[in-house]
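**Q** Chain residues, written in single-letter form:
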Amino acid sequence: KAGVTQTPRYLIKTRGQQVTLSCSPISGHRSVSWYQQTPGQGLQFLFEYFSETQRNKGNFPGRFSGRQFSNSRSEMNVSTLELGDSALYLCASSLGRGSYNEQFFGPGTRLTVL
Amino acid sequence: GDSVTQMEGPVTLSEEAFLTINCTYTATGYPSLFWYVQYPGEGLQLLLKATKADDKGSNKGFEATYRKETTSFHLEKGSVQVSDSAVYFCALSDLNNNDMRFGAGTRLTVKP
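As they're listed, the protein sequences go chains A and B.
Numbering follows the working numbering, with no gaps: position 68 of the first sequence is 68.
Numbering follows the working numbering, with no gaps: position 37 of the second sequence is 37.
Treat each hint with caution, since some may be false.
[To be verified] Which bits of chain B does chain A cover? Going by a derived footprint, with three or more residues having C-beta under 8 angstroms, they are:
1. 70 to 80
2. 95 to 103
[To be verified] Taking lysine-lysine and the DSSO-like style, the derived pairs with C-alpha atoms no more than 30 angstroms apart in a straight line are:
3. Lys-60(B) x Lys-57(A)
4. Lys-57(A) x Lys-68(B)
5. Lys-52(B) x Lys-77(B)
6. Lys-56(B) x Lys-68(B)
These are calculated hints, taken from the structure and not from any lab test.
Ideal Cβ placement from N, Cα and C applies to all residues, glycine included.
Take these sequences, add in the hints, and give me the full structure.
**A** Below you can see the structure in the form of structure tokens.
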């Protein structure tokens with residue numbers, strides 16, 4: 001069974017631009033969560049999608065948004081990029097919601113903002 | 001809100017040494033507790049988990065026990081190997097959602 005895939009793996013953007021990251025969950029998984037990993041702040045929860053609906057959102061500004069499609073694939077978008085948005089963005093999928101469902105992480109997309 | 005405090009390290013050990021990485025948590029409810037491992041250039045992999053007090057999670061020689069009285073979930077391994085070199089994250093999540101809170105991570109280096 002294929003794991004969680006994220007595209008692209010690496011991305012370089014400049015301040016003010018916007019970016020869209022993609023996550024394809026494991027087949028059959030309906031929940032997708034996004035995390036931001038930085039050296040200073042560590043791993044922080046961005047949002048969670050289940051059945052095409054955002055179920056939970058972390059403490060990030062409105063520039064960070066996402067969506068989930070009917071096939072459970074998810075995208076996250078960051079508008080008006082800032083230098084501080086440089087990070088590894090991780091996506092995780094699980095069968096369902098709640099801590100009894102193991103979250104499987106993708107390799108991440110490394111975003112560099114210049 | 002819920003949070004995790006983890007020994008940051010880095011930790012450097014010789015092969016076959018005993019490993020302990022401390023993790024304590026703050027939570028209003030009854031969270032599940034996890035240890036994840038991240039190898040260079042890869043995403044996170046679940047190492048072990050425990051869903052209620054006194055549960056012991058174990059995998060690949062690693063163990064951690066959910067201690068409600070001390071709000072702790074310390075990771076231990078009796079004899080580390082060079083291949084265990086990685087970053088280890090302690091985490092918690094609520095029973096009903098996927099909002100996982102992570103510790104800062106502990107970088108472990110095992111030397112032959």
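**Q** Are there hints from earlier that the structure breaks, and if so, what are their numbers?
**A** 1 and 3
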